[in-house]
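S.K.: Based on the sequences and whatever the hints tell you, model everything.
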Amino acid sequence: MGDLESDLEDLYRRRQRAFQVMLASVTGSLESARDVVQEAFAQALRDQDGFRGEGSLEGWVWRIAFRVAIGSKGSRELAVEDVPEVAFVEASSDPTLAAAVRQLPPQRRFAVFLRYFADLSYAEIGEVLGIAEGTVAATLSQAHQQLGAALSANEVMA
Amino acid sequence: MSTYAHDLLTARFAALAPRPLTGDWDDVLDRAGAIRPRRRRLARSPWRGGRRRKLVVALAVAVLVAAVAAAAYATVRVLLLDRGFVGLPPVEATPSSPESGELVLSFIGRSTTLGLRMTSVFVYADGRFVWVREGGAPEGANKFTSGFLEQRLTRQGVELLRSEVVSTGLFRHDVDLITGSAEYRRPGQVLLFRGTIQARNGERLVRVRWMNRAHLRDVLSDLPGTYAGTTATPEQERALERLDPLLVDPGARPPATAWLDRRVRAYVASRYAVCWGHRPELGPDHPTPSIEPSGILTLLPAKAEHLLRRRGLASRRGADPQQACSVVPTEDARAVARALDVAGLEKRGGGEGPGSYNEFGLGYRFKAPDQRPGHVYISFEPTLPHGVWICTACG
Numbered sequence: 016m017g018d019l020e021s022d023l024e025d026l027y028r029r030r031q032r033a034f035q036v037m038l039a040s041v042t043g044s045l046e047s048a049r050d051v052v053q054e055a056f057a058q059a060l061r062d063q064d065g066f067r068g069e070g071s072l073e074g075w076v077w078r079i080a081f082r083v084a085i086g087s088k089g090s091r092e093l094a095v096e097d098v099p100e101v102a103f104v105e106a107s108s109d110p111t112l113a114a115a116v117r118q119l120p121p122q123r124r125f126a127v128f129l130r131y132f133a134d135l136s137y138a139e140i141g142e143v144l145g146i147a148e149g150t151v152a153a154t155l156s157q158a159h160q161q162l163g164a165a166l167s168a169n170e171v172m173a
Numbered sequence: 029m030s031t032y033a034h035d036l037l038t039a040r041f042a043a044l045a046p047r048p049l050t051g052d053w054d055d056v057l058d059r060a061g062a063i064r065p066r067r068r069r070l071a072r073s074p075w076r077g078g079r080r081r082k083l084v085v086a087l088a089v090a091v092l093v094a095a096v097a098a099a100a101y102a103t104v105r106v107l108l109l110d111r112g113f114v115g116l117p118p119v120e121a122t123p124s125s126p127e128s129g130e131l132v133l134s135f136i137g138r139s140t141t142l143g144l145r146m147t148s149v150f151v152y153a154d155g156r157f158v159w160v161r162e163g164g165a166p167e168g169a170n171k172f173t174s175g176f177l178e179q180r181l182t183r184q185g186v187e188l189l190r191s192e193v194v195s196t197g198l199f200r201h202d203v204d205l206i207t208g209s210a211e212y213r214r215p216g217q218v219l220l221f222r223g224t225i226q227a228r229n230g231e232r233l234v235r236v237r238w239m240n241r242a243h244l245r246d247v248l249s250d251l252p253g254t255y256a257g258t259t260a261t262p263e264q265e266r267a268l269e270r271l272d273p274l275l276v277d278p279g280a281r282p283p284a285t286a287w288l289d290r291r292v293r294a295y296v297a298s299r300y301a302v303c304w305g306h307r308p309e310l311g312p313d314h315p316t317p318s319i320e321p322s323g324i325l326t327l328l329p330a331k332a333e334h335l336l337r338r339r340g341l342a343s344r345r346g347a348d349p350q351q352a353c354s355v356v357p358t359e360d361a362r363a364v365a366r367a368l369d370v371a372g373l374e375k376r377g378g379g380e381g382p383g384s385y386n387e388f389g390l391g392y393r394f395k396a397p398d399q400r401p402g403h404v405y406i407s408f409e410p411t412l413p414h415g416v417w418i419c420t421a422c423g
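Same order as they appear, the protein sequences are chains A and B. Taken in order, the first sequence gives residues 16 to 173; the numbers are from our numbering. Taken in order, the second sequence gives residues 29 to 423; the numbers are from our numbering.
Rather than coming from a laboratory, the hints here were simulated on the basis of the structure. Note that CB positions come from ideal geometry on N, CA and C, so glycine has one too. Warning: the hint list may mix true and false statements.
To be verified - Label pairs and their in silico Cβ distance ranges:
| hint | chain 1 | residue 1 | chain 2 | residue 2 | range |
| --- | --- | --- | --- | --- | --- |
| 1 | B | 126 | A | 147 | 54 to 62 angstroms |
| 2 | B | 291 | A | 114 | 46 to 54 angstroms |
| 3 | B | 224 | A | 105 | 40 to 48 angstroms |
| 4 | B | 350 | A | 65 | 49 to 57 angstroms |
M.R.: If you want it as structure tokens, here you go:
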């Protein structure tokens with residue numbers, strides 16, 4: 016257990032800022048996101064037996080964090096159908112992109128946020144959502160196409 | 029989706045990312061409800077045996093005094109980072125103080141003690157002991173680099189270290205040496221590969237450089253005239269071998285009494301050198317850059333160009349003549365980086381944020397215009413208390 020605790024501490028020191036940024040898009044504020052991050056890592060410390068090593072440690076902590084964020088107490092896994100609603104906290108600095116992202120269905124939007132805010136790989140997004148890596152790729156591809164259509168030709172997707 | 033579009037999306041999301049708050053691992057431990065030993069703190073604790081209670085009382089008094097002082101200066105927030113970082117510091121981080129310092133000793137080179145890892149150490153008259161090394165360190169930023177770290181010697185400790193270095197007799201005047209007559213990669217052998225030590229001797233900073241003969245032969249043979257040294261005597265080689273661990277291993281020497289604060293913290297610079305240039309693809313004919321640094325500024329986003337022009341150009345001894353740099357306050361460096369992010373330039377380094385990867389430092393690049401070869405790059409390097417900066421990604 017000592018090793019896992021060290022790994023959790025290392026993960027926290029390396030990634031807690033990314034956790035905050037991502038979770039702020041779920042909770043709506045950085046202050047509450049920071050609280051969620053603290054609580055999620057505390058839960059991970061308390062429930063070290065819950066990490067069975069089947070996926071990455073980071074993926075496991077992300078799932079805990081989202082459960083804390085959306086107040087889900089039941090399932091151990093974050094099911095596809097209860098992906099949290101996500102939105103930009105500071106949308107005013109890029110309203111065009113914010114509006115385009117708002118048009119995405121919840122799961123695509125969530126996958127986009129995991130990719131670009133949490134900086135997760137396809138495999139890690141798959142771990143968080145409990146879906147296959149190929150499904151992640153398809154989801155993101157659809158999201159990119161939809162974003163491309165929503166943004167004007169001389170913007171991102173040109 | 030193209031890589032270009034992916035990078036632009038990454039940059040636009042980065043621009044929309046809120047600025048994270050400071051983390052606190054101790055708070056996580058408290059929430060976990062565990063009565064856990066604070067391993068790292070205890071490991072560093074100077075308290076031992078029967079004196080502990082008295083020292084704890086003394087510490088409590090010191091904390092009270094510090095709290096009163098903090099209340100008196102409530103507008104000053106102090107955040108000392110307990111591990112290194114690459115790129116720009118967190119907004120809340122407190123810069124190393126004072127902003128400038130007098131250099132007393134420095135070591136830049138591939139340390140024999142550390143398995144030829146690139147290592148730089150800077151010791152200042154005010155006691156600061158600033159260092160960065162290639163590869164992992166317990167308090168380091170990542171597995172590639174420690175990031176710049178800082179400890180504090182007493183003034184007596186600085187003098188102890190300086191006098192020990194100068195007592196080798198190497199620092200009467202500047203000298204360039206050629207060391208070693210055998211292969212430098214022989215297993216188990218202590219080898220003087222290459223490096224530079226500067227030591228204050230009287231009013232002057234005296235420089236001793238050394239380069240391994242085999243390294244000169246193998247690596248620099250196609251760059252004639254880049255290093256002209258005299259063959260080191262056995263005494264000079266032995267002296268350099270003694271100095272290497274003395275300067276690069278702060279955990280070993282100097283003695284504990286020489287330290288004012290041995291805890292390792294991140295060195296947070298007050299200013300950054302933002303440098304730019306054209307780097308053609310490497311090839312057998314060593315193509316020279318074909319875009320003047322002065323012409324590169326106009327290729328940057330207007331905000332970045334304005335901030336860099338406003339501060340003028342800075343120079344550094346030994347710097348690449350095809351590169352230009354501007355030394356700017358950290359806030360301006362942050363604004364330049366934001367402008368480059370928004371413009372969607374390819375980014376490397378810079379910490380933990382979305383779309384970035386920990387390496388040696390923060391840098392951007394974009395393809396050279398007008399079908400010229402290679403890339404234009406922009407790099408960010410922290411300045412040291414004596415006003416210079418080093419290339420952290422250089423070997």
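S.K.: Holds or violated: the 40 to 48 angstroms window for the beta-carbon distance between residue 224 of chain B and residue 105 of chain A?
M.R.: The hinted range 40 to 48 angstroms holds for residue 224 of chain B and residue 105 of chain A, with Cβ atoms some 46 angstroms apart.
S.K.: In this structure, is the beta-carbon distance linking residue 126 of chain B and residue 147 of chain A contained in 54 to 62 angstroms?
M.R.: 56 angstroms, holds
S.K.: Does the hinted range 46 to 54 angstroms hold for residue 291 of chain B and residue 114 of chain A at CB?
M.R.: Holds, at about 49 angstroms.
S.K.: Looking only at beta-carbon atoms, does the pair residue 350 of chain B, residue 65 of chain A fall within the given range of 49 to 57 angstroms?
M.R.: At 55 angstroms between Cβs, range holds.
Comparing the model with each earlier hint shows no violations; every hint is respected.
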